[in-house]
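Could you build all of it, start to finish, from the sequences and the hints given here?
There are 2 protein chains.
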Amino acid sequence: MSSEPDLHLARPDAHAPGMPLVTVIGDGQLARMMQQSGIELGLTVRLLAGSGAASAAQATADVWLGEYTDEDVVRAVSAGADAVTFDHEHVPNAFLEGLIADGVNVQPQPSALINAQDKLVMRKKMREIGAPVPPFAEILSVADAEGFWDATAGAVCLKARRGGYDGKGVWFPSSRSETAELVAELLDRDVPLMAEKKVTLVRELSAMVARTPSGEIASWPVVESVQADGICYLAVAPAPAATGGQAHAVAKAHTLARDVAEELGVTGVLAVELFETVDEAGEPEIIVNELAMRPHNTGHWTQDGCVTSQFEQHLRAVLDRPLGSTALTSTTTVMANVLGDADADPEQAMSARMDEVWRRFPTAKIHLYGKDWRPRRKIGHVNMSLPCGAAATDENVAALRRDAQLASDYLVTATWKDQ
Amino acid sequence: MSSEPDLHLARPDAHAPGMPLVTVIGDGQLARMMQQSGIELGLTVRLLAGSGAASAAQATADVWLGEYTDEDVVRAVSAGADAVTFDHEHVPNAFLEGLIADGVNVQPQPSALINAQDKLVMRKKMREIGAPVPPFAEILSVADAEGFWDATAGAVCLKARRGGYDGKGVWFPSSRSETAELVAELLDRDVPLMAEKKVTLVRELSAMVARTPSGEIASWPVVESVQADGICYLAVAPAPAATGGQAHAVAKAHTLARDVAEELGVTGVLAVELFETVDEAGEPEIIVNELAMRPHNTGHWTQDGCVTSQFEQHLRAVLDRPLGSTALTSTTTVMANVLGDADADPEQAMSARMDEVWRRFPTAKIHLYGKDWRPRRKIGHVNMSLPCGAAATDENVAALRRDAQLASDYLVTATWKDQ
Ligand SMILES: Nc1ncnc2c1ncn2[C@@H]1O[C@H](COP(=O)(O)OP(=O)(O)O)[C@@H](O)[C@H]1O
Ligand SMILES: Nc1ncnc2c1ncn2[C@@H]1O[C@H](COP(=O)(O)OP(=O)(O)O)[C@@H](O)[C@H]1O
Ligand SMILES: [Mg+2]
Ligand SMILES: [Mg+2]
Chain A
1 MSSEPDLHLA RPDAHAPGMP LVTVIGDGQL ARMMQQSGIE LGLTVRLLAG
51 SGAASAAQAT ADVWLGEYTD EDVVRAVSAG ADAVTFDHEH VPNAFLEGLI
101 ADGVNVQPQP SALINAQDKL VMRKKMREIG APVPPFAEIL SVADAEGFWD
151 ATAGAVCLKA RRGGYDGKGV WFPSSRSETA ELVAELLDRD VPLMAEKKVT
201 LVRELSAMVA RTPSGEIASW PVVESVQADG ICYLAVAPAP AATGGQAHAV
251 AKAHTLARDV AEELGVTGVL AVELFETVDE AGEPEIIVNE LAMRPHNTGH
301 WTQDGCVTSQ FEQHLRAVLD RPLGSTALTS TTTVMANVLG DADADPEQAM
351 SARMDEVWRR FPTAKIHLYG KDWRPRRKIG HVNMSLPCGA AATDENVAAL
401 RRDAQLASDY LVTATWKDQ
Chain B
1 MSSEPDLHLA RPDAHAPGMP LVTVIGDGQL ARMMQQSGIE LGLTVRLLAG
51 SGAASAAQAT ADVWLGEYTD EDVVRAVSAG ADAVTFDHEH VPNAFLEGLI
101 ADGVNVQPQP SALINAQDKL VMRKKMREIG APVPPFAEIL SVADAEGFWD
151 ATAGAVCLKA RRGGYDGKGV WFPSSRSETA ELVAELLDRD VPLMAEKKVT
201 LVRELSAMVA RTPSGEIASW PVVESVQADG ICYLAVAPAP AATGGQAHAV
251 AKAHTLARDV AEELGVTGVL AVELFETVDE AGEPEIIVNE LAMRPHNTGH
301 WTQDGCVTSQ FEQHLRAVLD RPLGSTALTS TTTVMANVLG DADADPEQAM
351 SARMDEVWRR FPTAKIHLYG KDWRPRRKIG HVNMSLPCGA AATDENVAAL
401 RRDAQLASDY LVTATWKDQ
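The listed protein sequences correspond, in order, to chains A and B.
When we follow the UniProt record's numbering, the leftmost residue of the first sequence carries the number 1, and every step to the right adds one.
When we follow the UniProt record's numbering, the leftmost residue of the second sequence carries the number 1, and every step to the right adds one.
Here are a few chain A residues that face chain B, going by a calculated C-beta distance under 10 Å: (1) Asp13; (2) Ala16; (3) Pro17; (4) Gly52; (5) Ala53; (6) Gln58; (7) Ala59; (8) Gln303; (9) Glu312; (10) Pro322; (11) Leu323; (12) Gly324; (13) Thr363; (14) Gly389.
Here are some, though not all, of the chain B residues that point toward chain A, as calculated from beta-carbon distances under 7 Å: (15) Ala14; (16) Ile39; (17) Ala53; (18) Ala59; (19) Arg321; (20) Ser325; (21) Leu328; (22) Arg359; (23) Pro362.
What the hints contain is simulated information worked out from the structure, not anything from laboratory work.
It should be emphasised that the depicted structure is a prediction, and the values quoted were computed from it without experimental measurement.
Where a beta carbon is used, it is the ideal one built from N, C-alpha and C, also for glycine.
Listed below in structure tokens is the structure:
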């Protein structure tokens with residue numbers, strides 16, 4: 001079946017002549033924030049969006065409407081672009097191979113991208129390049145799962161290989177029989193599965209770099225990603241290190257992200273999500289959890305805490321242009337996600353909530369995505385940085401974390417959690 | 001004659017439900033950069049643009065096409081907006097009075113705006129509120145001009161009362177007879193004129209504040225605006241003060257901008273362009289030159305050197321929302337304008353020039369406006385800040401000025417001026 005994108009919102013007039021054109025497939029907040037950087041750089045972001053009301057489509061002049069699951073649509077929106085990139089991992093790799101065969105500049109390439117799409121493929125690759133991963137196995141049958149339960153003495157983390165996000169697609173069954181039932185049910189629904197050892201987390205880290213097709217790499221400081229129920233709600237940049245052992249683990253994470261980018265040939269922004277745990281000797285140790293090959297939630301702090309944001313860097317990287325400085329503009333920046341309240345959106349309007357936050361915290365940088373409330377949906381984030389010249393003491397960082405959390409809680413609930 | 005805007009680019013779907021809608025009249029780089037901030041804040045900027053290819057229209061989803069000189073068009077695009085604001089001073093005040101009579105929230109209001117539109121009205125107002133201005137006079141005849149020549153012993157600066165920018169509309173006649181001829185010719189062309197005493201400039205300063213309709217004021221540090229041929233090419237923030245006398249003059253400028261905003265009832269961003277000169281005792285003294293009631297070229301540094309940029313602050317101010325912190329994120333930021341070369345655009349493409357600049361200066365923040373080259377046209381700017389923690393020593397600031405200037409010169413000429 002052949003189909004064409006709907007071009008009624010397309011704006012070829014919106015291209016500054018002679019400047020690069022980047023097609024972004026995906027219409028979420030990541031594409032929206034790439035567009036902010038594109039405006040600054042004078043280049044054009046052409047968007048493939050599902051709707052003109054989508055987060056990124058609200059912010060973009062040149063919007064093509066269509067489905068990224070439709071090969072003809074993907075081909076049409078990619079034609080003539082200096083680079084094609086993504087705000088999610090769900091475009092079928094076969095389409096991307098087809099584009100590349102036609103001479104389109106797709107970044108990152110599917111050969112790298114597969115490691116951000118398939119959790120099992122990624123773990124095999126990590127093992128191959130010597131990056132630390134927990135014991136894992138493919139799960140093709142209930143017997144596989146039972147075997148894994150026995151081998152790990154019940155420390156089982158079961159994962160859908162593909163398509164999970166925000167903890168959807170991750171399970172921690174509490175008994176051998178629960179594992180068997182869950183796996184039977186999932187296999188029945190044709191969910192490809194893997195299992196890995198459930199590790200005892202000290203905390204989660206994220207190490208981010210950008211890499212160009214020519215091989216230039218720039219890395220940001222490693223970030224602490226504070227999670228609850230499988231969703232990141234706070235990122236602290238740089239990740240505090242309380243002990244020499246922790247500093248060592250953070251430094252290892254920093255190097256590891258560069259190595260992964262090189263070994264996998266990643267282009268654009270790469271986020272390596274990591275677990276910090278303790279080894280048998282009680283020393284901090286890091287383990288790779290997941291890769292993302294696009295701007296990542298744990299990199300939003302770069303918009304207000306760093307010379308070059310991850311969104312600008314991603315555009316520069318996929319166009320194979322020189323990368324920007326990743327120097328900090330503040331000794332610590334905290335990002336707090338604004339996640340839709342579990343029950344209901346408060347009566348007070350969002351803009352009144354913002355005003356309340358600004359009144360209390362004039363340094364709060366509020367970023368909204370133009371999205372409606374839904375329970376636990378990411379609808380924005382707040383960045384707060386230490387003032388110019390202030391040192392990242394434990395006390396200063398703790399106060400900053402508290403304030404950023406209060407601000408985002410207010411945006412979610414219309415109440416001050418400390419009052 | 002009744003006319004309607006052309007709505008074929010309008011995008012009502014691009015509004016996040018429940019969030020404010022700001023209509024911006026004008027399609028230049030100031031509106032473009034407001035739009036960047038609008039995206040971040042989740043609000044909608046609806047643009048009245050002359051063309052879909054205009055600087056701001058490239059960056060905006062909801063573009064209405066039409067002329068701001070057409071009252072029906074202005075009325076239509078303003079309907080339903082939470083605030084109506086501008087990226088230039090040229091919308092006829094009669095239209096704005098009409099909008100206000102209809103209940104539209106126009107910010108700033110024409111009663112304030114007139115002081116940014118008419119250089120004579122402004123000077124009279126400054127005298128009234130006790131703000132320092134040079135001796136000046138309305139020029140209605142050649143005899144007026146000759147009289148002014150005699151009274152100032154030939155130190156004459158002649159100005160068109162309205163419509164001037166970048167030094168167009170400012171003359172320094174060198175003799176009594178040249179003054180007479182010039183004035184005769186200009187009056188013949190119906191250019192309303194004023195004259196003021198030509199002062200000996202030590203340097204130019206710019207003091208910027210934002211004010212809300214409720215009266216909240218936030219001010220940025222005073223900036224040194226380095227000019228040549230009537231165009232600002234460099235802004236240094238904060239303005240260095242070499243002596244106690246200069247520090248005193250800068251402090252006076254800072255206070256003055258707040259006073260002007262209050263006395264005139266300015267809303268949104270106000271830039272007070274000032275001359276620093278020396279009084280009879282040889283002490284630094286400041287004199288008001290011009291007012292702008294919108295984001296201003298000498299405030300572009302705030303995008304990369306300050307917690308809250310002038311573009312975000314303007315949107316917050318015209319919506320009567322709490323203002324953001326104006327704390328610095330670096331001890332000094334230098335902004336260098338990218339002005340089209342006088343002769344021709346270099347052969348090297350602009351994006352290749354950017355790459356060259358980034359290779360040499362990874363901290364250079366390049367902002368482009370999506371505008372074609374024209375001689376002396378403002379097509380972008382470069383911001384460079386001292387690294388986090390670096391002190392604003394003379395040496396550091398001099399190096400920063402040199403680097404920002406080299407970067408912008410390269411973007412203009414495709415050559416390194418120091419090589
Ligand atoms: N092996 C594991 N051991 C312990 N906790 C885990 C493990 N794997 C995942 N988790 C927890 O679940 C969260 C979501 O898992 P992840 O694989 O990152 O899924 P998603 O794709 O939804 O982000 C992680 O951030 C972590 O908190
Ligand atoms: N009275 C004056 N004495 C000396 N120089 C002046 C005087 N007025 C203007 N200038 C110079 O001319 C420039 C442009 O004048 P200005 O009134 O600001 O016009 P514009 O509206 O074009 O910005 C100023 O920035 C300054 O360099
Ligand atoms: Mg994850
Ligand atoms: Mg001026």
